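Asker: These are the residues of each chain, in order.
There are 2 protein chains.
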Amino acid sequence: MPNYASRMERVRPSAIRELLRLGDDPSITSFGGGYPDPALFPMDDLRPIFDRLLTSDHALSLQYTASNGVPLLREQIAARLTADGMPATADDVLVVSGGQQGLDLAGRLVLDPGDVVVTENPTFLGALIAFNPCEPRYAAVPVDADGMDTDVLEDVLAKHTTGARGRGDSGRVKLLYTIPDFQNPSGVTMSLERRHRLIELANRHDLLVVEDTPYRALRYEGTHQPTLKSLDTEGRVVHLGSFSKILAPGMRLGWALAAPEILAQLGLLKLAADTQCSTLNMAATSGYLAAHDIDAHIAGMCAAYRSKRDTMLETLAATFPAGVTWTRPEGGLFTWVSFSEGFDTGAFMRDHALPRARVAYVPGATFFPVDEEPRHARFSFSNSTPEQIVQGITALGQLLHEQLPG
Amino acid sequence: MPNYASRMERVRPSAIRELLRLGDDPSITSFGGGYPDPALFPMDDLRPIFDRLLTSDHALSLQYTASNGVPLLREQIAARLTADGMPATADDVLVVSGGQQGLDLAGRLVLDPGDVVVTENPTFLGALIAFNPCEPRYAAVPVDADGMDTDVLEDVLAKHTTGARGRGDSGRVKLLYTIPDFQNPSGVTMSLERRHRLIELANRHDLLVVEDTPYRALRYEGTHQPTLKSLDTEGRVVHLGSFSKILAPGMRLGWALAAPEILAQLGLLKLAADTQCSTLNMAATSGYLAAHDIDAHIAGMCAAYRSKRDTMLETLAATFPAGVTWTRPEGGLFTWVSFSEGFDTGAFMRDHALPRARVAYVPGATFFPVDEEPRHARFSFSNSTPEQIVQGITALGQLLHEQLPG
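Protein chains in written order, with this note's numbering: chain A, 2 to 407; chain B, 2 to 407.
Simulated from the structure, these hints should not be mistaken for laboratory data. Check the hints yourself; a few may be wrong.
[As the list claims (entries may be wrong)] Some chain B residues judged to face chain A by a derived CB distance under 7 Å, without partners named:
1. Tyr36
2. Arg48
3. Leu55
4. Ser57
5. Gln64
6. Ser98
7. Tyr221
8. Gly223
9. Gly251
10. Thr280
11. Leu281
12. Asn282
13. Gln399
14. Leu400
15. Leu401
[What the hints assert, rightly or not] Label pairs and their computed distance ranges (CB to CB):
16. Ser308(A) x Leu61(B): 17 to 27 Å
17. Ser28(A) x Asp296(B): 46 to 56 Å
18. Leu73(A) x Pro227(B): 37 to 47 Å
None of these values were measured; they are calculated from a predicted model. Cβ atoms here follow ideal geometry from the backbone N, Cα and C, with glycine treated the same way.
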């Protein structure tokens, strides 16, 4: 074996792959993956766009293009960001291969081994997977119904500023990662007051804030909140967005908006990482945005997802035992279900939910960056039919009544 | 400004971006970019494939899929690798976003700051861009008509095994990067004897070998050589390939073939980097491989590129002054032109070629990882018409006759 074997320690297998595989078994009702509903993909609108691009007049759709993304698409994204309270031009936007690449590039830009990343507790597993190769440590700040608890955040930042450092451990907090809207996995949204407070603390402690907003456009009720980027007073927020949940994930397109000096560096890391995104997919997405009203399309998706959410919340209320609680997400794809102390959602899924009810979800332990709590689970309502939601949740409820002391 | 400003030093702007921009000016005859000829993209074959995929029956073409790539495409790639002397199954293949992502992942897998990467001298700028964020040092081994000089390689490796180390400088050679077939930028191909020798030295010095083969299928004459991977006795070669030059770069698809324990780690880094490649583009490429004879398509491309190569070589011979030399590539997209000591191809392009002849190429200095030699240039013949080649080379030849002592 070559001499880099030990170096491989920086990459560890993860539970997400095994879970993704479960989604492939059609006999399982899966509330696991954070997948959008493919029935909502605008296939009939996209087909003629690809058709037109794949003619000899448009052969450049399959050629190399600008590393930071085709100009018209960047312009269209900038217009959408501007409408969302973040004035931007095409030059402020970097097209990335889904939000995941934005996380990877931002992590690589600032993190050295031992640096501290602050996240919500729990947080998106994919972000941990993106940051882990940089070998950071994590400080996890609890969320409640108003999102990340900024009082705890203040304490955590104060502690890391003054505390002792171990060997090979910078202990320096460099990056704060947050999903302010319909957070993954908890489903909660950060209040306006906390958004202001977070920016204040980021300024005081000189942090790079990575704001991840894949679900932002999928609001089903309540008040739209301004993005952290729109409240950013010192150019320290990297705002990430994605077409995965509002158009289709299979084209792998998202965007980063950041201050010019940060965006330029992210762009160079993008060039190093994979040269550019798919020209064809960028051209098609641009064509879709030019020819269709994506906000009307999103409104249709919201109606469908809201109904699925309501079905799931109602069925949970009707069939789950007392003592089990869950969040009421105002948007997005997930609710976060919490059981009493001592309950292990992983063991329950392995021993009961999967073999007896043929139902899957994501055991919550994997979303905790530091201390894994086994008593939670993430339930996604996006990629199941209402019938599957009623049947699956009801079946789980019956098993839970059996297993939990009444 | 946030406190990571100094960290940004790891990413530096590069000449390639400026050069890519030149390609956008239609009044310039550019021999610069390593772009395939878009007239050779099989648009008419791809259009019905995308058409079929973009129907509601195939909505999963736009959904998330397996991080390592859609299974059928991996199987088809494995069959092609097997036919090329590298017995493989779908499980041995990782689909990546073009060869560039393979370079990025391989570098991140093994490199720590100060580690040494051995490359050909000159070498592919994109590889340096991919490795640079890992902050390696480079040792560059000259190429001649038979590719990387393995006698010099042996000396370089011996020196790095025994030499003193500076501070913060592991001095350890971990990775050997090579483009054995129709090398970028020199156009030369590594002889069979040197391939065997390289593997022997990699074994002795415990190196990871990254074999980059984007041009491999584009052979116009001479003897097909076995890949380094096919000669790999200890599972230390990562073989990278790409659909960019044989199908189209705008879909951003390539592959990595490696020993199982290495491939698994590359797969986890891929998951961290961008989750997966475009499902749609993978499905379309798979559909293309199933429905069409890509080898026949490649044979057609080879005929077209061979003719362009011949036109360029003949025009160089007819119009360039004595004392200028160039390689005769048996395949690929480039010839490497060398001028006499003291000549600066960058200055000549800026002062004469661009303003007076409206012709661009890539000044060679940028391809040297250590000591930049200004007296070379890379000329690509792939993305120009025969008329443009004759006109552009002839115009350059006239200017050179003016500028060079006769």
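Asker: Decide, hint by hint, whether the structure agrees.
Answerer: Now for the hints, and whether the structure bears them out:
Given hint, Tyr36(B) at the interface with chain A, holds; its Cβ is 6 Å from that chain's nearest Cβ, closer than 7 Å. With 7 Å as the threshold, the beta carbon of Arg48(B) comes within range of chain A, its nearest partner Cβ sitting at about 4 Å, so the hint holds. Because the beta carbon of Leu55(B) sits about 4 Å from the nearest beta carbon in chain A, less than 7 Å, this interface hint is met. The beta carbon of Ser57(B) is positioned within 7 Å of a beta carbon in chain A (closest approach about 5 Å), and the interface hint is therefore held.
Annotation: Gln64(B) was flagged as interfacial toward chain A, and the flag holds, the nearest CB pair being 5 Å apart, inside 7 Å. Interface restraint check for Ser98(B): the shortest CB-CB distance to chain A comes to about 4 Å, inside 7 Å, so the restraint holds. Of the supplied interface hints, the one on Tyr221(B) is violated, with its beta-carbon coming no nearer than about 22 Å to a beta-carbon of chain A, more than 7 Å. Taking 7 Å as the C-beta contact cut-off toward chain A, the hint placing Gly223(B) at the interface is violated, the least distance being around 28 Å.
Interface hint at Gly251(B): satisfied, since its Cβ lies 3 Å from the closest Cβ of chain A, which is below the 7 Å cut-off. Given hint, Thr280(B) at the interface with chain A, holds; its Cβ is 3 Å from that chain's nearest Cβ, closer than 7 Å. With its C-beta approaching chain A no nearer than about 5 Å, Leu281(B) sits inside the 7 Å limit, and its interface hint holds. Hint on Asn282(B) holds. Least Cβ distance to chain A is approximately 6 Å, under the 7 Å limit.
At about 30 Å, the closest approach between the beta carbon of Gln399(B) and any beta carbon in chain A exceeds 7 Å, and the interface hint on this residue is violated. Interface restraint check: Leu400(B) against chain A, minimum CB-CB distance 28 Å, threshold 7 Å, status violated. Hint status for Leu401(B): violated, given a least beta-carbon distance of 29 Å to chain A, over 7 Å. The hinted range of 17 to 27 Å is satisfied by Ser308(A) and Leu61(B), whose Cβ atoms lie roughly 22 Å apart.
At about 40 Å, the CB distance of Ser28(A) to Asp296(B) disagrees with the hint of 46 to 56 Å. Here the CB-CB span from Leu73(A) to Pro227(B) is close to 45 Å, well matched to the stated 37 to 47 Å.
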